[in-house]
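K.L.:
Sequence:
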Amino acid sequence: MAENTNGHFSFIEERKGQAFELNFQCESPEAVRGMYEDFVSKGATPITEPKSKDWGHTTGFFADPDGNIHSIFAVNPIDA
Numbered sequence: 001m002a003e004n005t006n007g008h009f010s011f012i013e014e015r016k017g018q019a020f021e022l023n024f025q026c027e028s029p030e031a032v033r034g035m036y037e038d039f040v041s042k043g044a045t046p047i048t049e050p051k052s053k054d055w056g057h058t059t060g061f062f063a064d065p066d067g068n069i070h071s072i073f074a075v076n077p078i079d080a
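Sequence positions in the sequence shown follow full-length UniProt numbering and run 1 to 80.
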C-alpha cells in the first residue's frame, strides 16, 4: 500500500496500540454489570470489573478477541 500512497508513514511503520474502542452506554449501573457478565461469559476478556468512577459513571472494561479494549458504562443516578 505504501507505493500507492506516496510512502505515507501510516503504511510504512508497524502499527502499535489498538485499532479502535467502542463504548456501550447502558440505562443503569445494574445493566452495566449484567452486560459485562454476559460479554465475559461469551468469551470477552475481563479487564476491569464495573465500578463507580469519580467522573459519575459506573464503568467496566473488557477486551475483544483481537485485544481491543472497550467499555460499558452508565451515568450514576444523582442522589437528591
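Errors might be hidden in some of the hints.
As the list claims (entries may be wrong) - Here are the computed distance ranges between Cβ atoms for each label pair:
hint: 1; residue 1: 46; residue 2: 25; range: 15 to 23 Å
hint: 2; residue 1: 79; residue 2: 43; range: 20 to 28 Å
hint: 3; residue 1: 48; residue 2: 27; range: 15 to 23 Å
hint: 4; residue 1: 77; residue 2: 19; range: 27 to 35 Å
hint: 5; residue 1: 25; residue 2: 63; range: 13 to 21 Å
hint: 6; residue 1: 45; residue 2: 79; range: 14 to 22 Å
hint: 7; residue 1: 78; residue 2: 23; range: 17 to 25 Å
hint: 8; residue 1: 47; residue 2: 76; range: 17 to 25 Å
hint: 9; residue 1: 19; residue 2: 42; range: 35 to 43 Å
hint: 10; residue 1: 20; residue 2: 79; range: 18 to 26 Å
hint: 11; residue 1: 76; residue 2: 19; range: 25 to 33 Å
hint: 12; residue 1: 28; residue 2: 48; range: 13 to 21 Å
I should point out that these hints are in silico values taken from the structure, not numbers from a laboratory. Everything numeric in this text was worked out from a predicted model, so none of it was measured. All residues carry an ideal CB built from backbone N, CA and C; glycine is no exception.
K.L.:
Each of the hints needs a verdict: does it hold here or not?
P.N.:
Here is how each hint holds up against the structure:
Our hint of 15 to 23 Å for residue 46 and residue 25 holds, since their Cβ atoms are close to 19 Å apart. In this structure, residue 79 and residue 43 break the distance hint of 20 to 28 Å, their C-beta atoms being roughly 36 Å apart. Residue 48 and residue 27 have their C-beta atoms about 20 Å apart, which keeps the hinted 15 to 23 Å range intact. For the pair residue 77 and residue 19, the beta carbons lie near 34 Å from each other, so the given range of 27 to 35 Å is met.
At about 19 Å, the beta-carbon gap between residue 25 and residue 63 stays in the expected band of 13 to 21 Å. Look at residue 45 against residue 79: about 34 Å separates their beta carbons, and that is not inside 14 to 22 Å. In this structure the hint that residue 78 and residue 23 lie 17 to 25 Å apart at CB holds, the actual value being about 21 Å. The hinted range of 17 to 25 Å is satisfied by residue 47 and residue 76, whose Cβ atoms lie roughly 20 Å apart.
Between residue 19 and residue 42 the C-beta distance comes to about 20 Å, which lies outside the given range of 35 to 43 Å. As the Cβ distance of residue 20 to residue 79 is approximately 35 Å, the hint placing it in 18 to 26 Å is violated. A beta carbon spacing of about 30 Å between residue 76 and residue 19 agrees with the range 25 to 33 Å that was offered as a hint. At roughly 19 Å, the beta-carbon separation of residue 28 and residue 48 lies within the given 13 to 21 Å, and the hint holds.
Hints 2, 6, 9 and 10 from the earlier list are contradicted by this structure; the remaining hints agree with it.
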